[in-house]
Amino acid sequence: MPNFFSDNPDLRNQFKRLDLSDVIAMLEDDFQQVNDFPEAPTDYDSAISLYDSALTLTGDISGNFIAPRAAAVDAQGASYKDGEVIMAAETSENLQQLAAAGLMGIILPRKYGGSNFPATIYMMMIEMVSRADASLMTLFGYQDVGETIAKLAQDSLAKTVLPTYARGELSGAMVLSEPNAGSDLQAVQLKAWQDIGGQWRLRGSKHFISNGGGDLLLVLARSEESTNDMFGLSLFLCRKSEQVKVNRIENKLGLNGSPTCEIYFDDAPADLIGKRRFGLIYVLSTLNQARFSVAAQALGIAEAAYQEALKYARKREQFGKKIFTMAPVADMLIDMRVALESGRTFLYHATQLLDLRNRLEERIRNLKAAGLPYQGEKAKFDLAAKRIDMLSPMVKYRITEAANKICYDALQIHGGMGYMRDLPVERYYRDVRITTIYEGTTQVQVLAAAKSVFADIMADFFAAQAATDWPEELQHLANHLQSQRQFFLQARDLLNSEITPAERDAGSRPLVDMYAGLYLGYLLLAEACLNPEKIPVATRFILAEQASAQAGLALIKNRKFQDLDNIDNIFKQ
Amino acid sequence: MEAKAQIRDFIINELVQDARHANLGDNDPLIESGIMDSLGMMKLIGFLEDNLSIEINDDELIPENFSSIETIGNLVAEKQAG
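Protein chains in written order, with the working numbering: chain D, 1 to 573; chain Z, 1 to 82.
In case anyone wonders, no lab produced these hints; they're calculated from the structure.
Values in this document were obtained by computation on a predicted structure and should not be read as measured data.
Where hints are given, some of them may not hold.
[Said to hold, decoys possible] Taking lysine-lysine and the BS3-like style, the derived pairs with C-alpha atoms no more than 25 Å apart in a straight line are:
#  : chain 1 : residue 1 : chain 2 : residue 2
1  : D       : K151      : D       : K81
2  : D       : K81       : D       : K240
3  : D       : K368      : Z       : K79
4  : D       : K245      : D       : K191
5  : Z       : K79       : D       : K245
6  : D       : K252      : Z       : K4
7  : D       : K560      : D       : K405
8  : D       : K405      : D       : K315
9  : D       : K451      : Z       : K79
10 : Z       : K43       : D       : K451
11 : D       : K151      : D       : K368
12 : D       : K191      : D       : K240
13 : Z       : K79       : Z       : K4
14 : D       : K368      : Z       : K43
15 : Z       : K43       : D       : K151
16 : D       : K311      : D       : K405
17 : D       : K275      : Z       : K79
18 : D       : K378      : Z       : K43
19 : Z       : K4        : Z       : K43
20 : D       : K386      : Z       : K4
21 : D       : K378      : Z       : K4
22 : D       : K380      : Z       : K43
23 : D       : K557      : D       : K451
24 : Z       : K43       : D       : K386
25 : D       : K368      : Z       : K4
26 : D       : K380      : D       : K368
27 : D       : K560      : D       : K572
[To be verified] Pairwise CB distance ranges, derived in the manner of DEER restraints:
#  : chain 1 : residue 1 : chain 2 : residue 2 : range
28 : Z       : K4        : D       : K159      : 26 to 34 Å
29 : D       : T468      : Z       : N57       : 47 to 55 Å
30 : D       : S226      : Z       : E55       : 24 to 32 Å
Glycine is no exception: its CB is placed at the ideal position from the N, C-alpha and C atoms.
Modelling step: build the complete structure from the supplied sequences, incorporating the hints.
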């Protein structure tokens with residue numbers, strides 16, 4: 001029986017090489033939490049052992065319980081009747097299993113019934129659960145709703161709702177999008193008003209809300225009359241009631257087990273969370289983790305697709321031989337594996353930085369409150385925060401696009417069989433498609449990452465890498481990375497020269513790709529130094545990225561994007 | 001370094017990150033020009049709280065206070081004085 005943790009050597013390898021020592025010490029209050037919570041770890045090793053057990057348990061449930069039910073969930077899907085959202089029976093069973101295993105409050109503080117785990121471990125769990133059934137992500141993967149309540153709500157409110165949430169008895173949703181406010185959340189119009197007794201009430205519609213029939217809804221609403229911008233929005237916690245009406249659920253391409261709802265708030269009572277007017281700022285501060293969650297989901301789906309493709313290619317014979325021995329097929333399979341393993345390196349490198357950033361933020365707040373010096377922590381925080389600002393959109397963009405390519409190729413390897421509903425690969429192909437769209441489209445991610453890329457925020461890191469003495473057998477890869485760095489600098493200078501903003505924006509995508517390839521190339525090179533099994537992955541990745549960087553530079557040099565200045569003329573008919 | 005200079009440095013280095021805005025003036029519009037979008041506002045508030053020990057209250061989060069380096073500097077000066 002497959003355990004999705006123990007059967008995945010690369011995921012286990014990523015887990016083993018995590019360096020969370022600072023993060024765990026801060027998360028566990030220097031291992032003093034055990035005084036109040038006997039289940040808390042007493043030192044670093046016991047924390048790692050606890051995470052190992054929880055990951056193994058998640059892998060077991062994912063591989064042996066959730067995955068066998070995924071086809072039924074997809075076929076039945078979530079449904080809607082008389083204002084109620086009805087989950088597929090198997091989805092409810094999956095959630096019961098995860099809740100019984102104590103996995104629904106993984107990142108919540110212990111005082112609210114949670115497990116107080118780092119986000120990195122939670123992301124590894126999301127990857128495994130999504131490999132089993134991607135549609136569960138919007139239920140299992142929405143634990144940051146609880147985390148936001150823990151961070152912003154008054155303690156009494158948090159204590160009322162979070163323990164039941166952590167036990168999996170309540171589910172949550174982020175309620176943000178409206179027909180005219182998708183990527184541009186400043187345009188949100190749903191009205192929040194106070195009645196004569198001072199009770200906040202919500203009125204208006206939201207759409208495309210994953211798990212919108214959930215019990216705890218975090219709603220972005222316009223609390224300030226006569227505003228039309230980011231300054232008029234606040235965040236509210238609204239509980240399921242008769243005044244929260246699900247009007248319909250969407251009929252989608254994939255993730256059929258996850259209900260995507262249109263909701264109408266009929267003067268529904270709600271609690272203000274945090275400060276008035278700060279709603280969009282709070283929502284944006286949850287974005288980093290949300291983007292990484294989607295990247296983890298995409299990796300999980302891609303892993304499932306890769307495994308199916310490999311299994312099929314090993315079995316399928318054409319022209320008297322197994323197709324996986326044929327170079328065109330083998331080349332695709334190796335590319336898929338390289339994309340998966342490099343994606344994992346990128347994601348879990350970034351989530352460790354996210355954990356560090358978040359824990360340092362909390363530590364600085366506590367030091368300030370105690371009147372103690374915090375400059376040392378502040379310098380580390382600034383560095384981590386700066387990298388996370390770039391990495392969260394960059395990692396989400398690169399991994400979700402790569403995962404779509406993996407699922408596309410996995411279906412291709414199956415030939416005509418892949419196009420049929422009989423095999424799961426067509427489901428992966430449908431399910432993965434949303435990942436480049438929700439929590440910010442690829443195009444939005446590229447522009448978000450581009451600011452840091454144009455500023456070359458990793459210049460010191462690249463200089464240090466270039467000055468490193470690499471082992472002789474890897475030196476040629478380091479040389480390729482140095483030439484990639486030159487391609488990047490030339491391309492950036494060209495885009496910074498006197499060209500139009502449209503041409504610059506369009507040129508951002510190859511530029512961001514060059515930077516991501518360079519950054520991840522060095523991460524893989526470092527990994528290859530420690531683990532010779534990674535040398536083939538690092539080699540193929542760096543050689544391919546160098547060729548892409550060269551091509552990207554040529555696109556910018558040749559001014560491929562200059563016709564964007566004539567958009568009106570091009571599309572006039 | 002005075003607060004306004006720190007704010008200017010932060011906006012140019014962290015929000016704009018674009019050589020073409022290196023000469024941003026104290027009264028140049030930040031919101032209309034797109035320099036200060038919602039993500040930029042989130043980072044600026046974090047910067048003011050962490051580096052200048054200023055906490056922005058809900059009634060202070062209005063466009064008038066964040067429209068230029070000058071108005072942000074005035075808000076900070078007022079809060080530091082008060």
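Structure-based check of all given hints:
Restraint check for K151 (chain D) and K81 (chain D): not satisfied, since their Cα atoms lie roughly 35 Å apart, outside the 25 Å limit. Proximity of K81 (chain D) to K240 (chain D) is assessed by CA-CA distance (about 17 Å); at most 25 Å being required, the pair is judged to hold. Between K368 (chain D) and K79 (chain Z) the alpha-carbon distance is near 18 Å, which keeps this suggested pair within the 25 Å criterion. For the hint pairing K245 (chain D) with K191 (chain D), the CA-to-CA distance comes to about 16 Å; that is within 25 Å, so the pair holds.
For a cut-off of 25 Å, the pair hint linking K79 (chain Z) to K245 (chain D) is broken: about 44 Å separates their Cα positions. For the hint linking K252 (chain D) to K4 (chain Z), the alpha-carbon distance of about 51 Å lies beyond 25 Å, and the restraint is violated. Taken as a hint, the K560 (chain D) and K405 (chain D) pair is honoured in the structure, with Cα atoms around 24 Å apart against an allowance of 25 Å. The hinted pair formed by K405 (chain D) and K315 (chain D) meets the criterion: a straight-line CA distance of about 22 Å does not exceed 25 Å.
Proposed proximity of K451 (chain D) and K79 (chain Z) is contradicted: the alpha carbons are some 31 Å apart, above 25 Å. A threshold of 25 Å between alpha carbons decides the hint, and for K43 (chain Z) with K451 (chain D) the separation of about 14 Å falls inside it, so the pair holds. Between K151 (chain D) and K368 (chain D) the alpha-carbon distance is near 17 Å, which keeps this suggested pair within the 25 Å criterion. This hinted pair checks out: K191 (chain D) and K240 (chain D) have alpha carbons roughly 18 Å apart, not beyond 25 Å.
Among the hinted pairs, K79 (chain Z) with K4 (chain Z) is consistent with the structure: their alpha-carbon atoms are about 13 Å apart, no more than 25 Å. A threshold of 25 Å between alpha carbons decides the hint, and for K368 (chain D) with K43 (chain Z) the separation of about 19 Å falls inside it, so the pair holds. The hinted pair formed by K43 (chain Z) and K151 (chain D) meets the criterion: a straight-line CA distance of about 18 Å does not exceed 25 Å. For the hint linking K311 (chain D) to K405 (chain D), the alpha-carbon distance of about 18 Å falls within 25 Å, and the restraint holds.
For the proposed pair K275 (chain D) and K79 (chain Z), the alpha carbon gap of about 18 Å is at most 25 Å, so the pair holds. A hinted pair counts as satisfied when its Cα atoms are at most 25 Å apart, and K378 (chain D) with K43 (chain Z) qualifies at roughly 15 Å. A hinted pair counts as satisfied when its Cα atoms are at most 25 Å apart, and K4 (chain Z) with K43 (chain Z) qualifies at roughly 16 Å. At roughly 22 Å between alpha-carbon atoms, K386 (chain D) and K4 (chain Z) fall within 25 Å of each other, so this suggested pair holds.
Under the criterion of a C-alpha separation no larger than 25 Å, the hint pairing K378 (chain D) with K4 (chain Z) is consistent with the structure, at around 20 Å. Restraint check for K380 (chain D) and K43 (chain Z): the C-alpha separation of about 16 Å stays at or below 25 Å, so the hint holds. The suggested pairing of K557 (chain D) with K451 (chain D) holds, with an alpha-carbon distance near 20 Å, which does not exceed 25 Å. Pair hint K43 (chain Z) plus K386 (chain D) holds up; C-alpha atoms about 10 Å apart against a cutoff of 25 Å.
Using a Cα cut-off of 25 Å, the hinted pair K368 (chain D) and K4 (chain Z) holds, with the two alpha carbons roughly 23 Å apart. With a C-alpha separation of about 16 Å, the suggested pair K380 (chain D) and K368 (chain D) falls inside the 25 Å cut-off, and the hint holds. Annotation: proposed proximity of K560 (chain D) to K572 (chain D) holds, straight-line Cα distance about 20 Å (limit 25 Å). At about 43 Å, the CB distance of K4 (chain Z) to K159 (chain D) disagrees with the hint of 26 to 34 Å.
Distance hint for T468 (chain D) and N57 (chain Z): a CB-CB separation of about 48 Å, consistent with the stated range 47 to 55 Å. A beta carbon spacing of about 26 Å between S226 (chain D) and E55 (chain Z) agrees with the range 24 to 32 Å that was offered as a hint.
The structure does not agree with the numbered hints 1, 5, 6, 9 and 28 stated previously, though it agrees with the rest.
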